[in-house]
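Undergrad: Please build the complete structure, drawing on both the sequences and the hints.
All letters in the sequence shown, in the order written, are residues -24 to -1, 1 to 107 by mature numbering (1 follows the signal peptide of the UniProt record, and there is no 0).
Source of the hints: derived by calculation from the structure; they are not laboratory data. Each hint should be verified, as a subset may be incorrect.
The following label-pair restraints were derived from C-beta to C-beta distances [said to hold, decoys possible]: (1) F54 to L22: 36 to 42 Å; (2) S9 to R79: 40 to 46 Å; (3) V62 to G17: 19 to 25 Å.
A virtual CB, placed ideally from N, CA and C, is assigned to each residue, including glycine.
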Amino acid sequence: MQIPVFLCVMAAVGLLLGAGGGLAAPMECHFDSRALCEFGGRRYSLGDSWMDDACMQCTCLHPVGVGCCQTVHRPVDFPAWCEVRVEPVTCRASLVQSADPRRPCEPGHAHLDPGHAHQDPGHAHQEQLES
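TA: The structure is reproduced here in structure tokens:
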């Protein structure tokens, strides 16, 4: 007796979504019914997985396509003057300053905001007390 293709796809999607972890932020997944089970010059079989160049964990669901899920846990709550950068080799996310991506962004340290670069919070407080 053959299992309907729909049930196979649903089971595979369930496995892909379940791989993200319990309490972690939701992971983005997608399914491509036209994709081939190939990456980097190699062919994959049903159930085989690989990591693509965008840090997506992909699984061969031959003959119905390929399912991929994001593996990078991206921060969601950080200052507007920061941005998320993902290291392509390690797939690790970090926060950097938008104005100077060489400098790390430290949430909770508003005095590091480039828009307030010349303001020392202690000095500003002292000026208010003297007025």
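Undergrad: Can you name, in rising order, the numbers of the hints this structure does not satisfy?
TA: Hint check: nothing fails, all pass.
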